[in-house]
Amino acid sequence: GLPEVTLGLLPAGGGVTRTVRLMGIADALLKVLLQGTQYTPQRALENGLIHEVAATREEMLEKARAFIDANPESQQPWDVKGYR
Numbered sequence: 059g060l061p062e063v064t065l066g067l068l069p070a071g072g073g074v075t076r077t078v079r080l081m082g083i084a085d086a087l088l089k090v091l092l093q094g095t096q097y098t099p100q101r102a103l104e105n106g107l108i109h110e111v112a113a114t115r116e117e118m119l120e121k122a123r124a125f126i127d128a129n130p131e132s133q134q135p136w137d138v139k140g141y142r
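The numbering of the sequence shown is my numbering, which starts it at 59 and goes up by one.
Any given hint might turn out to be false.
Heads up, simulated EDC-like pairs for lysine to aspartate or glutamate below, C-alpha to C-alpha not over 16 Å straight-line [said to hold, decoys possible]:
1) Lys-121 / Asp-137
2) Lys-89 / Glu-104
3) Lys-89 / Glu-62
Cβ pair distances, simulated, as ranges [to be verified]:
4) Ala-112 / Gln-133: 18 to 26 Å
5) Gly-140 / Thr-64: 35 to 43 Å
6) Lys-139 / Gln-96: 34 to 42 Å
Just so you know, these hints were derived from the structure itself, not from any lab. Cβ coordinates follow ideal geometry from the N, Cα and C atoms, glycine included.
Just need the whole structure built from these sequences, with the hints factored in.
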């Protein structure tokens, strides 16, 4: 989750935008942004906060490299000129 909300702070670094894009506005607000809930990797996966879980650092790097190889043109919406 985004623990800064437990201190009355707004999440920074694009956390709100990314969470809403992953989960939709209702789930993002009710399950993550307003709660400050901490998630285990498995629970984060089940709730749609992450796409995969890796058991080791090596497995994580392998999965990351495979994703990059499979998505060479990947970009975020805000990478496009004129994004609002």
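To see whether the hints hold, each was checked on the structure:
{"no.": "1", "hint": "Lys-121 / Asp-137", "in the structure": "violated (23 Å)"}
{"no.": "2", "hint": "Lys-89 / Glu-104", "in the structure": "holds (12 Å)"}
{"no.": "3", "hint": "Lys-89 / Glu-62", "in the structure": "holds (14 Å)"}
{"no.": "4", "hint": "Ala-112 / Gln-133: 18 to 26 Å", "in the structure": "holds (24 Å)"}
{"no.": "5", "hint": "Gly-140 / Thr-64: 35 to 43 Å", "in the structure": "holds (36 Å)"}
{"no.": "6", "hint": "Lys-139 / Gln-96: 34 to 42 Å", "in the structure": "holds (37 Å)"}
In summary, the structure is inconsistent with hint 1 from the numbered list given earlier, while agreeing with all the others.
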